[in-house]
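> Residue numbers (numbering that gives the first Met the number 0), protein chains in the order written: chain Z, 0 to 212; chain V, 0 to 278.
Treat the hints as calculated values from the structure; they're not laboratory data.
In this text the structure is predicted, and so the values were computed from the model without any measurement.
Just so it is clear, CB atoms sit at the ideal spot from N, CA and C, and this is done for glycine as well.
Hints may be right or wrong, so weigh each one.
What follows is a list of derived Cβ distance ranges for each label pair [unchecked claim]:
(1) V/Phe77 / Z/Leu114: 44 to 50 Å
(2) V/Arg249 / Z/Gly147: 32 to 38 Å
(3) Z/Glu61 / V/Gly161: 38 to 44 Å
(4) V/Gly161 / Z/Arg41: 28 to 34 Å
Chain residues, written in single-letter form:
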Amino acid sequence: MTGASVKLRYFGPSASLPETQTWFAERGAATVLVLAGTGAGRALPQVEPSRWTCVLVELTTECLGLYHDEREGSNVLGFARFRLGDDATSLVEVVRQRGTSEAAVAAARDAFGGLDWEVAVCTDVSGRIVDRLLRPYLNDALTAVDEGLASAADLDLTIELGLSYPEGPIRLLERTGLADHALVSRALFDAYGEPSLVPARRARLALERTRLG
Amino acid sequence: MGSGIALVAARAGFETFLYDLDGDALERARGDIRSFLARSVEKGRLTAEEGEAAVARVVATSDVDELASASLVVEAVFEDPDVKGELLRTLHDVCPATTIFASNTSTLSITELGARSGRPTHVLGMHFCLPAQLMKLVEMSPGLETDPDVFRTAWELCEQMGQRPVRTQDRPGFVLNRFVVPLNNDAIRLVERGVAEPAEIDRAVKAGLGYPLGPLELVDLVGLDTQILLAEALYGITHDPRTACPPLLRRMVAAGRLGRKTGRGFYEYSGRTMFGASG
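All chains, please: the whole structure from these sequences, using the hints.
This is the structure we're talking about:
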């Protein structure tokens with residue numbers, strides 16, 4: 000159970016903390032402010048961070064720096080619950096900037112730890128940790144099948160047995176959405192310009208299909 | 000890795016030679032095998048008799064001539080085409096023409112190793128996963144000159160060892176290393192660039208994707224020096240920037256931080272036991 004008392008405010012629909020559930024039990028005076036929803040970042044100027052131990056701003060694929068510049072002793076952090084398509088995981092990535100105070104980072108860990116989520120802290124970079132690692136791998140898997148390295152089924156089986164991953168890359172993509180992968184990968188390509196982040200052919204076509212309706 | 004493969008073969012009932020020029024390494028390997036099998040007996044996976052019989056089936060030797068009676072030789076030496084090629088050539092002179100040579104290489108061309116061996120029709124890839132004594136998958140790859148009957152025989156032997164062979168093509172990294180080497184490099188670059196600490200990265204990957212090990216835990220297990228070798232081998236062929244060795248990795252190896260085997264890598268460790276032998 001968290002030691003932090005949290006106030007949660009919504010600014011639009013939230014992928015990390017849907018309003019259909021109760022997330023934080025209210026106990027005493029809140030010390031952590033969580034701004035949730037797609038408009039959380041734009042709402043940041045409405046709050047006074049110095050009133051809180053930390054202020055947590057929900058992000059999607061964007062960086063915290065879009066809403067809050069780096070400054071020494073800052074207590075504003077970003078967060079995003081990691082999702083694959085519509086599937087939410089138990090991971091929340093917490094974004095700190097250069098100069099973010101350690102006390103604020105500790106308060107953020109404490110707040111999300113109370114939800115029994117795994118907290119991973121990283122700096123304010125596009126893709127944070129998991130998407131930065133996952134998206135090139137998924138693009139390469141689609142390309143490998145295109146190139147005839149193995150069938151999709153054999154490729155998945157090899158990776159599931161050889162690395163004990165719960166799911167091979169093609170199965171994962173088909174379950175969670177090729178078009179969704181293309182969207183995330185495209186956003187990362189725009190940020191980094193690396194060829195490995197260009198959405199692979201099959202994902203690109205899936206995204207185009209959704210646009211055609 | 001060789002001791003894990005020997006353990007798999009001996010556990011399945013094959014008379015097994017464990018060959019190494021280094022007598023101390025052989026002694027350590029025998030000890031690892033004995034410990035692992037003892038633990039398997041404690042856990043009820045083997046009877047005491049089966050465990051003792053498996054240990055007895057492993058003959059440790061530094062005399063290559065003892066391998067003359069083998070029907071299958073699996074080499075797991077240093078990931079270097081010259082080192083492997085020289086060993087295969089030596090084995091070619093020692094073993095009968097029917098002996099099959101399997102390479103546990105994870106990156107090198109089977110066709111090239113076959114050409115160096117003197118018996119290209121009897122050389123194939125048989126890449127066990129680490130730790131071999133626990134992982135069932137074996138990537139099996141024929142070279143361009145591999146005799147299909149030889150490949151079939153090796154496939155059957157692999158199955159008789161209780162393993163699960165999967166056919167892959169003779170391409171750099173086959174399937175597993177094609178994906179895992181650049182993924183691990185990407186994770187190392189996140190550390191190098193100060194994006195996150197190793198523990199944060201591993202926690203994120205395990206919680207977000209359900210992987211049993213984070214990429215940096217995996218590099219520590221495989222060995223940072225091995226990750227360099229794999230990266231260099233892949234980069235040398237593919238020139239894919241993701242396979243290029245991150246400078247941090249070289250610095251850590253220069254400092255003697257090779258991972259679990261030296262007690263320090265991205266994490267610190269105490270004790271040295273064969274993976275799966277404890278706990």
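> Hint by hint, note whether the structure agrees.
Cross-check of the supplied hints:
1. V/Phe77 / Z/Leu114: 44 to 50 Å: holds (48 Å)
2. V/Arg249 / Z/Gly147: 32 to 38 Å: holds (34 Å)
3. Z/Glu61 / V/Gly161: 38 to 44 Å: violated (50 Å)
4. V/Gly161 / Z/Arg41: 28 to 34 Å: With a Cβ separation near 59 Å, glycine 161 of chain V and arginine 41 of chain Z fall outside 28 to 34 Å, so the hint is violated.
Checked against the numbered hints listed earlier, the structure breaks hints 3, 4; every other hint is satisfied.
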